[in-house]
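Here the protein sequences line up with chains A and B, keeping their order.
At position 27 of the first sequence the residue is numbered 27 (the numbering used here), and the sequence of numbers has no breaks.
At position 246 of the second sequence the residue is numbered 246 (the numbering used here), and the sequence of numbers has no breaks.
Be careful, since some hints might not be right.
What the hints assert, rightly or not - Here are the computed lysine-lysine pairs in the DSS-like style, where the Cα-Cα straight-line distance is at most 27 angstroms:
#: 1; chain 1: B; residue 1: Lys351; chain 2: B; residue 2: Lys452
#: 2; chain 1: A; residue 1: Lys31; chain 2: B; residue 2: Lys300
#: 3; chain 1: A; residue 1: Lys120; chain 2: B; residue 2: Lys487
#: 4; chain 1: A; residue 1: Lys31; chain 2: B; residue 2: Lys452
Said to hold, decoys possible - If the Cβ cut is set under 7 angstroms, some of the chain A residues that face chain B in the computed set are:
#: 5; residue: Leu23
#: 6; residue: Ala27
#: 7; residue: Lys38
#: 8; residue: Lys120
#: 9; residue: Tyr122
#: 10; residue: Asp147
#: 11; residue: Ile218
For the record, the hints were derived by calculation from the structure and aren't laboratory data.
C-beta: ideal position from N, C-alpha, C; glycine also.
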Amino acid sequence: MEETRHTSREYERELQEIRDGLLYLGAKTEKSLEMAIKALLERDTSTAGEIIKGDEQIDRLDIELEERCIRLLALRQPAARDLRFITTAIKITGHLERIGDMVVNIAEKVIILNDFPQLKPYVDLPRMGEISRAMIRNSLDAMVRQDVELARGVRAEDAVIDNLNEQIFRELVTFMLADPVNIKVSLYIMQISKTLERIADHAEGIADMVVYMVTGKIIRHKPVPGKKHENPSLP
Amino acid sequence: MKTRLSRRFLVWFLLAGVMAIAFTSLFLRSELKKVLLVRFEEEMTAAGGIIATMPVAAIREKAEQLSRLSHARLTLIDAAGNILADTMSVHQEMESHLNRSEIQEARLRGKGKALRYSSTLKEEMFYVAVPLGTAAGKTGYVRLARPVTEIALFADEKGRMFIGIMLAIVAIYLLTAVYLSSGLFSSLRRLTLFTDRVRAGDFSGSLLVKRRDEIGELAVNINEMVNALQEKIKRGDDARHKLELVFAGMDEGIMLLDAENRIESLNCSMEAMISRPQGEAIGKTIMEVCRNAGLHDLLKHSRESGESVCEEIIIGDEHPVVMEVTISAMSGETGEERKTLLVFHDITRLKRLEGIRTDFVANVTHEIRTPLTAIIGFTETLQQGALENRERAGRFLDTIRENAERLSRLVEDLMTLSAIELGDSPLLLEGLSMEEAIEKALLVTGGCASKKNLLICKDISAGLPLISADRDRLAQILINILDNAIKFTPAGGMITIAAAPEGDDFLRLSIADTGPGIPEAEIPRLGERFYRVDRTRSRDLGGTGLGLSIVKHLMKAHGGRMNIQSAIGKGTTVSLSFPVFRKTEKCA
């Protein structure tokens, strides 16, 4: 009796460690995205460099978390809700790690952009950054609070991001048409915009996993009501 | 199961009484029987003795009479054992009685007795035999017999009487006991009810002490105990309440984590800081409540090193605040459980002030150094021979003069600012016309505006009240604001000047431009010294970075307000609210 209670407490602790680890990884990626947007706006090369360096830790956390999940699966054979949580956690970890990589991508572009004069004041890009950051934040919050509504709300946000991406695309095309000198910088900015759009997709993926975790329903690949179809002409 | 003490008492009393009665009555009955038997014997021996003195013939004759008088069956037996007479049966048919134990005993000892079943009468009988004649020659025996049932009947009758009396006595005793104990039990019940109420937490009232015995003493003790307890609880409550008040009223956020790193308690400030109600946060880990990697790292460090750590951490998404977090490990009550105390101190304001101060120093030095560098550079060039070239020298001297003027302007602005702040130069308030003041200010700044081809629109309704202001200071305010508007509006833009009453006491002047606008986050910082939204560009425009700061302070000194609204890409509107001049107001 004493033994089983001890084991179950140990098990609870391991689960909690995974949950906390996941949130820690989330906080790290969120922070690095925030820093990337800041580096972009302030043309701050050193911050961008820090982000690139910090990704190593995110990668390490990702591996560590996944190993923990697999060990728990192998040793404890969790069932029902816990099993759903562990499998979800593995997937969410993957999403977060990918977001981390993409942020590094943005940071690299920022360093390159800093070698050129600023093409235009950024208005939509920071908005995109803020929204995608909020999407990550909300999906993680939804996980903590087991809040399906909040998670579904994240899915709806994705439409806004897509629209902004489209808008930036159109704007940059006019810049490029006006002066071919702008093409290089415009392409980099476009890549950043596209990366942000993909980060939002990953955040949506996390939210979908949260919905699955709570309800057991897989809503991935199902159209969001009211969302426009993605523009196929976009890069 | 709960049995009433009173009922148990009654049952045991009753049982003990019945047992006592049963045992005594049984004992008495057997004793009575014994005594009666002895009496029988004595009576019958005496009667036998008397009868024996009579002659045999007389006895035979008067057998019936004698038997009746002695209440016994009389048998007359001769020496050979033949029955001469018997009052109860036909003696001729009876066998020899010489071998009967009572006869034998009488023959040998002069007196005999026996207790046995009589085959003649079919009854348990007591026999007494007395010999007839002298001791030497016995001529016969007189035997008297009485049925033993007589004794039994008598003993039973007496026994029943005894039991009846005893029962009556026991009943009286019981009634007395019940009467006496009912008072005791009701007192005990009252005590129980009272203690029950106290246990449930109702301390109101106390026991009424009527008795002067042990129960009364107990009641007094209970009353005192309850009072002492109440006092103690109240003191504990007060202490806890005080602590809670301190805990809740503290500005610092406080959070206590248990050994599993879960939140055990937190105060109101902490609730506000993490914007979660207490109920939602308790039992969660800190990562679940406040997802902050830095905090997690700090907590981990504190756990591993076992030391108190203190660090600055930025918390919050929409409104980030700088927190000084102190984490200290605490040993719990049991000495085993390790708890962690986190104290969050909001130092956002402190940090901002610190930032303003460092910015100010950096700005002042920077603002001074730029013109100085130019002055020194050009002077050196002149010394190194540029003086020879008159045309270039003239241009250089112009630059030197320009920079020196800028320096002097800076020093002047700084002095104005500190004078306003210190309140060294009192304002000479008088009734001034806003329109007139604007016209004058436009005369000064209008040159620049027309150079940039700016359109200046005035929308000032007639008949506006006079405002209460210092003439020179008002000019300074207006020139500063108009200068800013002109500087930041691109060529071909428009500046709109409007004035309208704001309530009864104020006149509002708003100056709107079509410049690049100011990000919303920067607006509150505009009044800071040397604060520039776009550091690289605005300095080229020749400002000292002190203009708005001066305006802000002057407006404050006038009892007015400055309000800035801006939309990026659309322009900025500066609104100045001046107090309206009242005739009764005394001019200082």
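Each hint, compared with the structure:
Distance hint between lysine 351 of chain B and lysine 452 of chain B is unfulfilled; the C-alpha atoms sit about 41 angstroms from each other, more than 27 angstroms. Between the alpha carbons of lysine 31 of chain A and lysine 300 of chain B the distance comes to roughly 19 angstroms, so the proposed pair stays at or under 27 angstroms and holds. For the given pair, lysine 120 of chain A sits about 21 angstroms from lysine 487 of chain B by alpha-carbon distance, which is consistent with the 27 angstroms threshold. Between lysine 31 of chain A and lysine 452 of chain B the alpha-carbon distance is near 45 angstroms, which puts this suggested pair outside the 27 angstroms criterion.
Contact between leucine 23 of chain A and chain B, as hinted, is supported at the beta carbon level, the nearest pair being about 4 angstroms apart and thus within 7 angstroms. Below 7 angstroms, beta-carbon pairs count as interface contacts, and alanine 27 of chain A has one with chain B at about 4 angstroms; its hint therefore holds. Checking lysine 38 of chain A against chain B: minimum C-beta separation of about 12 angstroms lies over 7 angstroms; hint violated. Taking 7 angstroms as the C-beta cut-off, the interface hint given for lysine 120 of chain A is violated, the closest approach to chain B being about 11 angstroms.
At about 11 angstroms, the closest approach between the beta carbon of tyrosine 122 of chain A and any beta carbon in chain B exceeds 7 angstroms, and the interface hint on this residue is violated. Because the smallest distance between the Cβ of aspartate 147 of chain A and any Cβ of chain B comes to about 11 angstroms, over 7 angstroms, the interface hint for this residue is violated. At a threshold of 7 angstroms, the smallest CB-CB gap from isoleucine 218 of chain A to chain B is about 25 angstroms, leaving the interface hint violated.
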